Amino acid sequence: MERFAQLIDALDGCNGSKRKVELLSTYLAEVPANDGCWALNLLLGERRKRLITGRRLREILQQSTSLPDWLFEDCHSHVGDSAETVALLWPQLRDKLPSSPSIQDSGISPLLARVPESPPLHWWMESLLPSLAHCDSELQTQAMTALWWAVPEERHFLLNKLLTGGFRIGVARGLVVKGVAAAFALEETTVLERLMGDIEPTASWFEQLSAPLDQKRTNRGAVPYPFFLASPLQPDGLCDTDPHTWWIESKWDGIRGQLIRREEGVFLWSRGEELINTSFPELVAMAERLPANTVLDGEVICWQKEQSRPLPFANLQRRLGRKRVSLKLKEECPVQFVAYDLLEDGGTDLRDQPLTIRLNKLSEYYRSIDGPEAWRLRRSEGEVLKNWEVLDELRLKAGNGGAEGLMLKELQSPYLAGRKRGFWWKHKLEPMTLDGVLIYAQAGSGRRANLFTDYTFALWDRRSDDPADHQLVTFAKAYSGLNDEEILTLDRWIRRHTRERFGPTRVVDPELVFEIGFEGIQQSKRHKCGLAVRFPRILRWRQDRSAESADSLHNAEQLLLQRQPNAA
Amino acid sequence: MSLLINTAEGLYCPAAQAWIDPHRPVTRALITHAHADHAKPGCDEYWATTSSAGILRQRLGQSINLRTLNYKQQQQIGNAVVSFHSAGHVLGSAQIRLEVNGEVWVVTGDYKRCPDPSCEPFDPVPCDVLITEATFALPIYRWSDGATLAHSIKEWWQGDRSRPSLLFCYAFGKAQRVMAELAAIGVDDEVLLHGAVETVTRHYRDLSVPMVPSRPVSELPRKESLAGRLVLAPPSAHRSSWMRRFPAPQTAFASGWMAVRGARRRKGYERGFVLSDHADWQGLIRTVKESGAQRVYVTHGQNDVLARYLNEVEGIQAAPLAALG
Chain L
1137 MERFAQLIDA LDGCNGSKRK VELLSTYLAE VPANDGCWAL NLLLGERRKR LITGRRLREI
1197 LQQSTSLPDW LFEDCHSHVG DSAETVALLW PQLRDKLPSS PSIQDSGISP LLARVPESPP
1257 LHWWMESLLP SLAHCDSELQ TQAMTALWWA VPEERHFLLN KLLTGGFRIG VARGLVVKGV
1317 AAAFALEETT VLERLMGDIE PTASWFEQLS APLDQKRTNR GAVPYPFFLA SPLQPDGLCD
1377 TDPHTWWIES KWDGIRGQLI RREEGVFLWS RGEELINTSF PELVAMAERL PANTVLDGEV
1437 ICWQKEQSRP LPFANLQRRL GRKRVSLKLK EECPVQFVAY DLLEDGGTDL RDQPLTIRLN
1497 KLSEYYRSID GPEAWRLRRS EGEVLKNWEV LDELRLKAGN GGAEGLMLKE LQSPYLAGRK
1557 RGFWWKHKLE PMTLDGVLIY AQAGSGRRAN LFTDYTFALW DRRSDDPADH QLVTFAKAYS
1617 GLNDEEILTL DRWIRRHTRE RFGPTRVVDP ELVFEIGFEG IQQSKRHKCG LAVRFPRILR
1677 WRQDRSAESA DSLHNAEQLL LQRQPNAA
Chain S
87 MSLLINTAEG LYCPAAQAWI DPHRPVTRAL ITHAHADHAK PGCDEYWATT SSAGILRQRL
147 GQSINLRTLN YKQQQQIGNA VVSFHSAGHV LGSAQIRLEV NGEVWVVTGD YKRCPDPSCE
207 PFDPVPCDVL ITEATFALPI YRWSDGATLA HSIKEWWQGD RSRPSLLFCY AFGKAQRVMA
267 ELAAIGVDDE VLLHGAVETV TRHYRDLSVP MVPSRPVSEL PRKESLAGRL VLAPPSAHRS
327 SWMRRFPAPQ TAFASGWMAV RGARRRKGYE RGFVLSDHAD WQGLIRTVKE SGAQRVYVTH
387 GQNDVLARYL NEVEGIQAAP LAALG
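Protein sequence lines, in the order shown, are assigned to chains L and S. The first sequence stops at residue 1704 when you use this note's numbering, and every number in between is there. The second sequence stops at residue 411 when you use this note's numbering, and every number in between is there.
For the record, the hints were derived by calculation from the structure and aren't laboratory data. Please note: incorrect hints may appear among the correct ones.
[Said to hold, decoys possible] Per label pair, the in silico range of CB-to-CB distance:
id, chain 1, residue 1, chain 2, residue 2, range
1, S, R325, L, E1409, 31 to 41 Å
2, L, S1660, S, D214, 54 to 64 Å
3, L, Y1615, S, N151, 46 to 56 Å
4, L, P1204, S, R331, 47 to 57 Å
Computed from a predicted structure; not experimentally measured. For glycine and all other residues, C-beta sits at the position ideal for the given N, C-alpha and C.
Produce the entire structure from the sequences given, and follow the hints as far as they go.
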């Protein structure tokens, strides 16, 4: 545990990526497998079952101190993290106690007695912390307090984090992958592949991850290939290339999926590396008609049979994360799989083959598949680019067809892993924009703790004839788009112009106007203004505009009509 | 009439016809300490402690009309008896005690309760009404003693002698405290100073404050390697062109704000040392209780938090300073 804690401290205290990778690889190369699996599980931010909630830790702390609730809340909004807040407040509790509570429990006492020996990470994760989580309330309070006594204060933050989950310390996944690759002399793609499935905190999982590359595999089982990701189009330079080397297709606003057909079954993976079979049983049924050892890359999207344009993203959202899908939902939100690449054909890995060959082979699948669900495998229509001048026109056309833009793919390109620039470009429609008025602000968390960085914007409701009744209605929240300097300026402005506070939220004078960009707009019953937007972000601070001149709900509804002619 | 009142220029004492740490030029200013947010230029007459005179003149001009008092020395100004009492914040820092017709008010200015080898310790002063600062008035702020911090600074600096160690800290007070704390744990290596730190340090040397030896960076030959050297610089120098002199340094910031991880990461320092010249939560409450004041006004930082806590939990009548008419 101490070694892991030192790694975390060192990672936390360095800003350079190169140094972080060095720290990771040094640690991973020497760590025993039964600790290494936990370290990676934590560093990769795997979703774990929360052992104890932050709220419960706070309760334990508060039981013996005189801290009122509101004061704890103030501390929390200042720190931005409950595990850290509890760690910082521990001395307040320690002062009230004469000594560590003595615990007489045959389960937990022997475990607590081992803490001073500084046992290894896996012992904490597998023995002590789970036992602590399962204690009944009274015993848990005592045991947690005793544990805080036994662990040095500078380790409380880590300890509380291990208990409450949500362990993030600012090491990007990519750096961890590089660290693993460097530690065991593996290719990054190999590491990515091996990390695709579930990360099990077991020694054998870690041994498989770190094992030397075995020669010639055929069947990967359920394990998906790493996704090849596109980058936003940068037209400079690209326009000098021969247009005929580029394949153009619509970019659909669904979720990325990899559909794997093996003899042992069908596996549908999302880009977040989650198996989503249960949310889309129709696609699984469709894929059962594919020949064994086929792997398709494509988009999962809600799209009615024999319709020319897909349903809005909100429909897909209703289906995400479902363990079971009702008949009604299947009817209201039918799904299709828009296949645009073929990664494995009859057991042959095609990823090194040029795109033209993969597309040719893929087109045979559309023809060969049959059965009542066959319509759910949708061909991704595309064409070879004729010249660069038509690109904008094509993009507009795609947009009118309900897509969110275009994809450009180099016809000779292989299928790579991760975001590698050069072969795949996404060319989205220009975002829609509205000018909104800043009305609420809330402090961020982590690096943005105690800094007002979460903003809520409003539009005017001018439906009343009397201008005195015109009011601002909440429309979107945005967190990104301002630079550090603007954030600081705005933070100071917010502190000076706070009208009211509701917990961590501040109501500010409705004076500042920001241009908000977003990708999609749709009707919503959940939102106060009746509209929901996709990916809202701040495009710029409109210091040239007054609040009165900001956009109205009517302007937003016009945008809705433009994008979805049938929404009215 | 109240002994002190809020005016546009700052806290005003009608009996003494004087303002305390005024924000704008006034006829008579009583200065708690020489930090820029407390000592503004342009006043006709200044009153301050003897040990703050050097820095005050350097910052406000050699020709200011400055009257100095030793700690605890009582002075009749108008109808008020005025005295300065050590605040333990920086060299020459003071609380100001005002007595009019037997009623006593104390304005703490900035202060801390932990011992600091670079300045006089805090001197508790009984009073009827206390006006206290509240910069760090949240229970998450709790300071370790200076020696512990000095040891961790030493360990950090000497743990990597392959490159320069840049420690950022406020040029007046914090930097000299770091040097004094290091000397107190037996360090005697020479420390290098940014120009802004050097100018203030001279006044500490004049008053024989025991600190590690130091030299301005600018006095070193341009080519001399700075690997393994500890350099003290003000936060404004972080990421400035001045830093080009130091190839691949390790950086740290010494401040009470470093207690919170998010604050450190946002500022982009690799390491944070929680070293503050303000009172922590414990220190604030202890000071309020020791003063025996029946009424407390709170200013700076988390004033509403401290006032509410004093009222609700400690049963002491308290309010943010704005509530004082």
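Against the structure, the hints come out as follows:
For R325(S) and E1409(L), the Cβ-Cβ distance of about 37 Å falls inside the hinted range of 31 to 41 Å, so the restraint holds. Between S1660(L) and D214(S) the C-beta distance comes to about 60 Å, which sits within the given range of 54 to 64 Å. A C-beta distance of roughly 53 Å is found between Y1615(L) and N151(S), which places it inside the suggested range of 46 to 56 Å. At roughly 50 Å, the beta carbons of P1204(L) and R331(S) sit within the given window of 47 to 57 Å.
In this structure, none of the earlier numbered hints is contradicted; all agree with it.
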